[in-house]
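A.B. asks: This is what each chain is made of:
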Amino acid sequence: MTSFLRSLTADQQVSLVFVVLFGLLLIASGVGVLLSLRERRSGDDDASGERALRLQDNQALLRSSWMMMLVFWVGWVMGEGFAIVLFGLVSFFILREFISLSPTRRGDHRSLVLAFFIVLPLQYALVWTERFNLFTVFIPVYVFLAIPVVSALGNDPQRFLERNAKLQWGIMVCVYGMSHVPALLLLNFPGFVGKTAFLVFFLVLVVQTCMLVQHLAARGLHRPVAPAISDSFHWRSWALGLAAGGLLGAVLSGFTPFKPLPALAMALVACVAGSFGHLVMKAIKRDRGVTHWGFAGRSVTGASGLLDRVDALCFAAPVFFHSVRWTFDL
Amino acid sequence: MNLRATFMSVFLLGLVRLLTGAQARWHGCPPKAEQRIYFANHQSHADLVLIWAALPQELRSITRPIAAKDYWTASNFKRWITTEVFNAVYVERERKGDEDPLAPLAQALESGDSLILFPEGTRGHEEDPQPFKSGLYNLAQRFPGVVLVPAWIHNVQRVIPKGEVVPVPVLCSVTFGEPLVLGAEEPRADFLKRAREAVMALRDV
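One line per chain: the protein sequences are A and B, in this order.
Going by this note's numbering, the letters in the first sequence line up with residues 8 to 337, in that order.
Going by this note's numbering, the letters in the second sequence line up with residues 1179 to 1383, in that order.
Be aware that one or more of the hints could be misleading.
Pair by pair, the computed Cβ-Cβ distance ranges are [claimed, not checked]:
1) Q1285/B x L42/A: 52 to 62 Å
2) L41/A x G1192/B: 32 to 42 Å
3) M74/A x N1316/B: 42 to 52 Å
Residues from chain B that keep clear of chain A, each with C-beta distances beyond 10 Å, as calculated [stated by the list, open to error]:
4) P1208
5) K1274
6) E1342
7) E1363
Going by beta-carbon spacing under 7 Å, a handful of chain A positions derived as facing chain B [to be verified]:
8) S107
9) L119
10) W135
11) R138
Worth flagging that the hints you see were computed from the coordinates, not collected in a lab.
Here a beta-carbon is modelled for each residue, glycine too, at the ideal position from N, C-alpha and C.
Just chain A, with the same shape it has in the complex (with noise of 0.2 Å):
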């Protein structure tokens, strides 16, 4: 088995995975659909009611996977130009989201130009022409002196320091986090050329099923740590959701540059970022006044919740990117 995963060229490689991972997907939605047949049929008593929820939620779950692979898909057959386009979409939509949901002034007009057109375009540039020192301190050094500069000529003291905080939050997590997930795609590897799209397989792979495994493994846990901001997180969940991502990551070290037991430790980073992220942006979720991006976005701006899906990825990217590139030296 893995001499005939050995003599595959790069892209055979990558296109067994994706093979592999459609399938996956195919049997997961049949299933699916499958149960939902099953949940018609029966009573509409309180008990099926609440599997019926729960079986959207899962189907939730399963349109987003689709969606994401065949994003992940259309990247790499179109090449890296193309997927850092595409990541910076993305970007654009969770920063939408973000700013939606929090109020800005008359004042914060410039701020919001800036951020949007100058400051992503400019990053993702950055990530294309693989000017990897400007790039990682590029939003956290300068846009962090601009923004509260375009905002202060703005002439509105009202509320300053929060009103720039939300931006600057809004920026790193949506732009700078986001834009570190394409980043994976250029470092360079001795020996990996032509395969960084399985660090970028890996890094979304290993924190998806990380928070799978928290979010399934939450059921029945009682007394959350932190009720006041998120009901389904656990210290057991959160350990077996990392002991699942930091196994899947071991298991996959094959298709990455690196060692079974690098791989545990760079996949549990990722991990430990992803799922504390992900309870960060459930406490900013919180202080809105609303559960979930999405859910708010269909009440009130028509937001697809995307970003709810993809939170946690925008914290796990930029610290697996540095870890990954410091312990590599690359």
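Following the hints, position chain B against chain A.
C.D. replies: The following block gives chain B in isolation, referenced to the frame of chain A:
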């Protein structure tokens, strides 16, 4: 519609959706091809574009927005875009002599078109809409067969505040509510107040 106007409307629709999502939420009435007057709050010039973009394609072609003549005919481009793309009906904001300012609206309704109306008459800058002007009442009285649909345009003032040129991406939505019926003996002031409250009630749906 000529080719340039078609191109422009496709471009504008794409732009508006990219920036705002232009989501339509139908609460209280379905999108239906009957003759209607949509009346909404007015905070920005972009309101007109947003509500136009939020309507489904089939309704967009039979629904004409009302545009203030002094503003929207001030330049050739504004005039072209309001006539060719939005198919707008112009109204005078200032009454001139004894001309009926509602005449162009009545004419459009007589020919079977639906209208988009901003009964405040001008853009407001407060949270709540300004008191409604009586045009809505007069039209409701003259055209009892036309369905009056209140609408709340959410967030659009954040997209492009007064005095700014570059729009910012913020999700916006238009909520359409339950149709309003003018009572048989209902006084003008009561009806206008009820209409304004119907629009404001959609803010929190």
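A.B. asks: Hint by hint, note whether the structure agrees.
C.D. replies: So, going through the hints one by one against the coordinates:
Checked against the hint of 52 to 62 Å, the pair Q1285/B and L42/A passes, with Cβ atoms roughly 58 Å apart. In this structure, L41/A and G1192/B meet the distance hint of 32 to 42 Å, their C-beta atoms being roughly 39 Å apart. The hinted range of 42 to 52 Å is satisfied by M74/A and N1316/B, whose Cβ atoms lie roughly 50 Å apart. No beta-carbon of chain A is positioned within 10 Å of the beta-carbon of P1208/B; the least distance is around 17 Å.
Taking the minimum C-beta to C-beta distance to chain A, about 34 Å, the non-interface status of K1274/B holds against the 10 Å cut. Some Cβ of chain A comes within 10 Å of the Cβ of E1342/B; the nearest lies about 5 Å off, and the non-interface call is violated. Every beta carbon of chain A lies more than 10 Å from that of E1363/B, the smallest distance being close to 37 Å; the non-interface claim holds. Of the supplied interface hints, the one on S107/A holds, with its beta-carbon coming within about 4 Å of a beta-carbon of chain B, less than 7 Å.
Hint status for L119/A relative to chain B: holds, with the closest Cβ pair at about 4 Å, below 7 Å. The criterion of a C-beta within 7 Å of any C-beta in chain B is not met by W135/A, whose closest approach is roughly 21 Å, and the hint is violated. Below 7 Å, beta-carbon pairs count as interface contacts, and R138/A has none with chain B, the closest being about 26 Å; its hint is therefore violated.
Hints 6, 10, 11 from the list above are not met by this structure, while the remaining hints are.
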